[in-house]
Every structure is written in structure tokens, then in C-alpha cells.
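> Protein chains in written order, with the working numbering: chain H, -11 to 387; chain L, -11 to 387; chain Z, -11 to 387.
There are no misleading hints in this set.
Note: identical chains are not told apart, hence a pair may lie in one copy or across any two.
Straight-line C-alpha distance at most 20 Å; calculated SDA-like pairs for lysine to any residue: (1) K383 <-> S50; (2) K369 <-> E41; (3) K315 <-> P347; (4) K47 <-> K384; (5) K387 <-> Y11.
The hints are simulated quantities; they were obtained by calculation from the structure and are not laboratory data.
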Amino acid sequence: MKDKTAIKTMIEKLKTLKSDGMYLDDFFLTWDKTDDELAAVFQVAEILRAMREANISPKVFSSGLGISNFRDNSTRTRFSFASACNLLGLEVQDLNEEQSQIAHGETVRETANMISFMADVIGIRDDMYIGKGHTYMKQVADAVQEGYDQGVLEQRPTLVNLQCDIDHPTQTMADMLHVIDHFGGVENLKGKKVAMTWAYSPSYGKPLSVPQGVIGLFTRFGMDVVLAHPEGYNVMSEVEEVAKKNAKANGGSYKRVDTMAEAFKDADIVYPKSWAPFAVMEERTKIVEHNDQAGLKELEKRCLLNNAKFKDWTCTEELMATTKDGKALYMHCLPADITGVSCKEGEVEASVFDRYIVPLYKEASYKPYIIAAMIFLARFKDPAAKLEQILEKGKKRIK
Amino acid sequence: MKDKTAIKTMIEKLKTLKSDGMYLDDFFLTWDKTDDELAAVFQVAEILRAMREANISPKVFSSGLGISNFRDNSTRTRFSFASACNLLGLEVQDLNEEQSQIAHGETVRETANMISFMADVIGIRDDMYIGKGHTYMKQVADAVQEGYDQGVLEQRPTLVNLQCDIDHPTQTMADMLHVIDHFGGVENLKGKKVAMTWAYSPSYGKPLSVPQGVIGLFTRFGMDVVLAHPEGYNVMSEVEEVAKKNAKANGGSYKRVDTMAEAFKDADIVYPKSWAPFAVMEERTKIVEHNDQAGLKELEKRCLLNNAKFKDWTCTEELMATTKDGKALYMHCLPADITGVSCKEGEVEASVFDRYIVPLYKEASYKPYIIAAMIFLARFKDPAAKLEQILEKGKKRIK
Amino acid sequence: MKDKTAIKTMIEKLKTLKSDGMYLDDFFLTWDKTDDELAAVFQVAEILRAMREANISPKVFSSGLGISNFRDNSTRTRFSFASACNLLGLEVQDLNEEQSQIAHGETVRETANMISFMADVIGIRDDMYIGKGHTYMKQVADAVQEGYDQGVLEQRPTLVNLQCDIDHPTQTMADMLHVIDHFGGVENLKGKKVAMTWAYSPSYGKPLSVPQGVIGLFTRFGMDVVLAHPEGYNVMSEVEEVAKKNAKANGGSYKRVDTMAEAFKDADIVYPKSWAPFAVMEERTKIVEHNDQAGLKELEKRCLLNNAKFKDWTCTEELMATTKDGKALYMHCLPADITGVSCKEGEVEASVFDRYIVPLYKEASYKPYIIAAMIFLARFKDPAAKLEQILEKGKKRIK
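From just these sequences and the hints, can you work out the full model?
Laid out in C-alpha cells, this is it:
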């Protein structure tokens, strides 16, 4: 546990980062943000965590809503968002589209304003359809901006992407903070090899946002990022371009390989995880648009059959042994499909998963703080000054 | 944004209004309340809004529940209630009747007490069945009063009608506050013409509470209120009696006309909106009581066919041009059925709706403050003194 | 209403009770706890109630989540848990297993940690299957303990059993506190006769946790506890052993009888309530495990037929007249099956139920305070000191 002096030092470091571009802005994609801005998110997350551990309450809102809109199932992101809002003093109000009048023909613009009269943050998960999620979030953000500009809203709520079709920034930023802490600092990451690989799962249609988010973010830290997947399981080419550009700018590398073996070889970090081929996701979007239930079933069948060809894409002890010193950091966004535990054949062998269970849970534990940091940086112009003020007041979380 | 001095002046004005009858009382229907009481609701709403805009937190409850019970879908009222409770410091707990044991044969009296041990307010929407919603709310209010009198409850929660079969006071009071602000003060409303008119919608069975609420409230401000609807689409005659009585007492007028054209002619305010005929709503209640699914389908079909005869009851640019100076204030409780946007043929032309989108959103923005004001006036015997105290303390909403 | 001096005296009494074993511990079964610990729960509950009545806010958490997981329907326990959390400053976040990814194969251990990063308490209802609920709660508690020990969780959330297959401690402790207050103190309970009896209900499969909880708790106060039920409607024999042991240790008695008449004769307290035979519950668990829908229907039918043989097991005025002075305290956890009100033939005659409605509601009113006390004692090492501090500060609940 860090004491007040240690936290003060952390705040001093935050002051060296230029993050004012985040004020009143949204968080859609990590590659929209500057290096300093990402560093600020990590730094504020660590400060908020240190404060909470020291029983100091960073409750900066006396009232205000944090609105969540989960268009796909969620456990850890739902609770992370709720925890983040609660830590800062916002009350979560879930926009359950089934209980609402949205089905009755409301526009996105209208709904966005109607729920935002007292909202300081809106968190959205919309990851099911390629070409949809990010677009929807942009529409919501534009709508509340318009509402704010026109005097409809007293404050401009910040939009936090809780997973879209392109990126999953609260996940990958938590992943990255875990990596930073695991390797003892961002300065130790240069030259580390990261294997983001596809893995077999008996389910189909898992979003691409995690692999895309990982190659789009991890390439910014001078690491050698390798993406591996069977033929046809491509991710969005635009994101691969981002990864290449990042690698170039930051002194690492990005490449695609055809086997898990090649990806795992000497890797410092492995992230084996299933996803659906981009082409399938595109097709699904069209099928759903036409409400073609038979077509959807057929696609699922076809996709599962295709997946089944690649059951050997699984994270085994044997493969783990080929990583750097045989002990790469195994990562996963959870829940994982564990062979013999949650399914017959899955993404990872049970013994590998079990060995990494504590690091995996720690990886997940950063997410509430990452979300809280994103909100904090969007709502306070001078975050360091605000954090200093919280520290000085020293209000206790548990009295 | 108003400064502290301006807010102080607003509080001074509140002191001139006799609102102590609202203390520990409920809010069912606007016509239960005196003129001073309604004026106090508007005034407290404006003060709370001014405080929030000035970053002053009117959080008067350190803990306590605000219970919501939505027996029909809701977005804006749900979020308005949540916002209001949160602003004052109450935590919303939703009574979801499906997740509860109510199906197992609990009486209204029992449930009302069981959920209210720490409740300061109960908000209910029950607008689907004629003769039911208001009655149910009365039962709940009587039950908690009994519980309070018998020492079961430590406090008497206030009931706020979030829409019943008769009135929708949080909507129409927000509507009215919008009108007051739009015309620069309640003193400018005398002689203004209001057209509350039916409009075609491809859905059936919309509640009557908005048109009823509007004619029951707007007639209290010396305005000339006109209700227009096709033959058979009557509202409750009791409410028309209220409107007539109000008009007589306040120097305006109330009349019913047979065409939109006549209603819109020279109107200062137009409120075109669909609703179901009272007789249909009564029939539906009986059908539902007998759980006659076939009968319900048949009624819906019959009703939609009848509606379709009146597709020309729609708010067009042409009609708008006939209003006072061609620029009457267009109002709607939202969501509206917009021709070519949310439906093929609906209540309003897209160009009209679009032109009024900012005023419409502002209209909606008053609702959280109206609800908060209703709660405030029911929970504090001397609301002005309490508001002065909040102002003096000046606790910040965002620290 | 008690004043500060009276509350101070209550805190003094709390100091005489040794309750430090509850610190950072869970609440599964009343018979896991020492007499002092149970007395401390009652005492803290009464102090929190007295404080709230005196408008003093015992909000000890500035932030933090209270997680609820209702695997069976609930109204009063849901609202009691929400009220308790809110009173202390925790925000309720419901783990709705349908909206989550739990169906996708998460383990209990994983979910428990994922939701607990900022959780101070987890309340679980899992009462449907014999051999399951308590086991599940233990797994959750073990999982968060492990997470805490391994540094995954910053705090160890306390688990509160909101009803399992074995016990329903928040209910029976509220029941008991009602009994204590009714008879003017725990010292007046020795020798009182308690009739915990089965009663007919037209539903089947009601949990055994209430009768089991009652005989396991009430036998600790020197009372003469009698359990009556038709042949075959046994409760768990392990719990009967607990009851016998308790009776021996505390100077009362425990026995099983075959008729309501014998149980009610001269009883000071009667608790007539339906439950399913233990053997049926065991069978149901197996049927559900095999997902045998036909078997389940068949079991229900068979069970209802069997229940119907015992329609004369109902709490009549006639039976009530045979109790001590004809005015035993009638108890029920609610909702009751009331003859002629919520069902044709049920657990109790309407006139009996009506006569006891105020005491029944008061009985229920203790539950929020019992839950708050359980949380309080688990989160504060020196509860008396903390309560003294709250009293001194005197922060108002309603400002």
C-alpha cells in the first residue's frame, strides 16, 4: 500500500503529461489518443487505486448519473463500470432498451438527449455487428454534443466505449496496465514479443475488438507484436494499418504469421483468444439487417464447421514451453473457453489457465480504475490539481 | 447561469407562495393542487435547476430510497425520476413486479409497506387501463399512510404519479414550465390560444393522460384551450368538467372543436398527439380483466382500422402556417410518430418536427426538476428555508 | 424515539458483547454464531434503527458496492438488502445472471472475483435446491477469500445469506428481534412456547429454510419449541439435531408433534407456514440436474395431490383460541396464503391474518436493520467505537 508521499510523487509524474485534450472529450479508440493521454489514463488509474487502497475516497461528484447501455451481455465490464462510477460518486442508471420506448421509434439523437439531462458519463457496449457499434457511439456522442451546444444539456456527458466492433479500450488499457506492472514499468517493454493469436472455441461470432484493440495498442510501446490466425480469420485491415504505423513510430514491429507455433516462439506475452472472421461478421451484419433467421442459422453452422478445422489452435503446455524461458505472461480478457472445464475443446489447456489464474484476475482488476481514469480525465481540466486536492482533504472511503 | 443573488431572489418569491399543504402529501392530479402549490412546484424546480447550473448540490438526503414502479415502458420518465432522486440524494430502487413475489398473491397494502421501510418517495406509472392506474396509486398511498400511522413505517413516503389513466402531472407540469419560460413568464399567458389536438398514429391504445392532463392544467392560466379530435375519440368527461371549471375560474376558455384546422387557427401553442378513444380504453380494460386474448387482438384491429380513417389528422407545415404568425410553439411529450421517419404516416411532418427539435428537448429537460420539486415540497415543511440553507452552505455538485 | 443518551446506553450494552469473531467473516447460518454474536446483531440493529429514527445517518461508506444475487424471486428481502446497503452508504449492484456472461461458462470462482473488485458485501438468495444453495454461497465466500489472500481483491467482501436451502438468517433474526421487542426483552423468553407448524398451501416446493431457521434459532433462547407437520414433511435432520443441542444448552426444549392442535395448545407464539417435504426437495434437485421437464411436472402434480390431503392444517380462529390466553403472537415471513384472499384454501384464515397485520408488518420491518447490522459487524473491528463516533458526529439523514 502506498502512503500519501508516494501518491504525491505519482501526481507529480501526472503533471508532466499533457492530457488536456481529453477534457470534455470521449474515449472511442486508443489510437485516437496521444501517447501522453494514454500515459495519463494509466497514471490516474494507478493514483485512484493507490488512494482507494489507502482508504482515501476520490468521490468528486456529489450527484450525477453514469449511464450504461449494454447491447451485449457483460459481467466484468458491467461491474467495472458500476465500480468506477460509484468510486467517483456517480450513480449507475442502466438504459435497458427493452423497458424503454426506444422500440416505439425514437431516434438515437432523441434518446441520447433524453437520458442525459443529469448524466456525466455514458458507457456503451455495442460489439455484435461490424460497421455498427463504433458508428452508433459516434452518433450518441454527436447527439449529446449538439444537445449541449444548444443549451438542452447542462453538461456534456463523456462517452466511454465499453467495447465496439473496432476496439475494446477499457479492456486493452487494463491489459496494458497489467503488462506495465508485471514487467516493472513501461520502460521495460521495448523489444518484448507479444503473440496475439487466434484460438479455437466451440462458439462462433466472438467480437474482433480484443485482437484489434491489442495490436492497435501494444504496438505503441516498442514491442514486437505478432498476430497469428488461420486463413480467413483476418481482422479489420484498417486496424492492421494502425498497428504498422504504430510500430514504425515507436521502434517495435508488427507482423502477421500463420501458426501459433511461430507466434509463441520466444514470446514474452501470449494472448490466445477466439474471434470470428471479419468476413463472417460483415455477412452476419447484413443477414441481421434483413432479419433472415434461416440465413443466420446457416451462417452459424458454416462458421462452426470452419472453426472446427482449427481445433489444434489451442494454448497447450507444449506451446507455452516454447515461449521466452517457458514462462510468457498468459493473458485473456475472460471468460476463457478452457478445455475440459467450460467446454470439451477450447482456447487453452486447463493446466495453463490454472497456473495463470492469479495474474488473470489481477489483469481484470485494473478495469474499474481504467474506466474511472477515463471519466476523471474527461471531467476535470486539471486532473493533477484535483487529485492533489482529494489527497489533501483525505476523506475516508470507509469512515 | 444565475448567480447566488439571483437564486436568493427566486427563493424570496417562493416564500410568497402557500405550499405547506403539500408537506407529507402525494401528487396525483394537478387539479388536486391549489394555484400557489403549482406555482411553488415551478418555482422550486427553477431554483433547483439554477443551483445545479451554478454547481451547487441540493443533496438533502444522506440516504433513503426512491422507489419506482413502471407498469408500462418508459425512457424519459424513468431517467427523469432517477435524475431527480439522485439530485436530492435518494437511491432509486425499481420494483420489478416480475422479479418479485407479487405474483404469488401479495396484496397492494402489503407490498406497499414491505418496500417502504426506508423509502422517501414512490413513483408509479400505471397508465394502461382506464379506471385502474389512479385507483392503484391511491391504494398504495393509503397503505403507506396506514403503515406510517401504525408505526410500521418510520417515514411516510410521498407518492408521485408518473402517469396514470387520468393525468400525467410530471409531463404536463414540465410542459407548462416550458411554456412559461418560452413566453417569458406566467403573466404573459392570459389569452394565449392552446390547441390540444388528436393526431393520427399507426399504433393504437396510447394513454389519454396527456391530453387530459393538458386541458386540466393549461386552463388554469387564463389561456384559451381548445381540444380537437375525430368523433369518438373523447377524453374522460370528468376531466372536461375540470377544464371548464378552471377556465371559468381563471378567465380563459375551454371548448371542443371537430377539426385540426379550427384548433390550429391562430393558436399560440399546438400539441398534436395520438390517443385511444376513451370507450376503447374502457373496453380494453374489461377484455384484459377477462384475459380474452382473441378479443384483445380483435379490438386492436378494429381500433387501428378506425384510426386509419383519420390519417389527415397530422401536423403539417400547411397547418402550422395557419397558427399565430405562422409560428405557434409546437409541443409533444415524445416520442412522436414522425411521418417518413419513425413511421410511414404519423402525427407530424418531419420538417415541422425538425424545426422544433431544440424546444422539444428543452420541454423534456424540465421533467427531472419538476419531479425533484414535487419530492422536495412533500418532504420539507419550510422549503424556502431549506433552499436558503443549501445556498448558504454552497456544497458543490462537482467538487 | 430514542434520544442520544438512550442510544449511548445501547452502545454501552453492545460493548459487553464479544463479537470480534464476526469481523471480516460471513453470515451463513445462525448456528455458526455464538450467543454474543447474535446478541450483537440484535443490538447493532436496534442502535441503527434508533439512529435513523433520530435522523442520524450511519453512513459509514463513502463508496463501495453491495452486490445482490437473487436466484429466486424476492420483494421484501431485495428491498431490505437495498435499504441496508443504502443506509450504510453502499450502492446495490444486482448480478443478473441472465444479462451476464455466466451462461458462457464462467466458474463460480471467476465470477465471484470479477464482481468484487469494489464490493464490500455480497448478498445471495439461493433457496430452490436442497444441497445447493449453502454450497454455492460457501464457494463464493471461499473464492473471494482466495482473491483477497492473493492480492486480487483490495477488500474481502462479506457474504450475507439472504436465504439458502438450510437457513434464512436475515428472516429468522428479524423474526426473533420482533419476538424480543414484543415480549419486552430477551430475558422474558425463557419458557415461552413456540409452535412452528406446517400449513396447507395450494403451491408446492416452498423452501424449508424458514422452519429450519426458526427451530435452529428460537431454541437458543430457552423457549419450548415445537415443530408440527404431517407425515413426510420432515425438515433436514441435521437441523433438528442443532435444535435439540440448542435446547439442551439453553434450558428450553425441542420436540416434534403430529398435529397443529398439539402444537398450538398454550403456545405463546405460532408460526404456521407451508413447506415442501425434504424428500421431495431432494428429488426435485436430482430431476432439475437431469433437466427432466416431464419429471418435474409429474413431481409437482404428485406433491400438490399430497398437500391436498392436509387442507385442515390451517391457522383458524378456533386453533388460535387454544393458544396461551387465546392470544399467541401469530408470525409469518410473508407473503402468506390467506384463505379466501390470495387463494381458496390456504395457510391462515383471513380474520386471523387481518388481526395480526400490524405486528406482521413490524416483524418484516426489522429485516433491513438486521442485514445492516450483519454488514456493520463484519466490516468494523470495533463496532461500538464506530457507532459512538457516528453518534457524536450526528450527521443528519435528512439535512
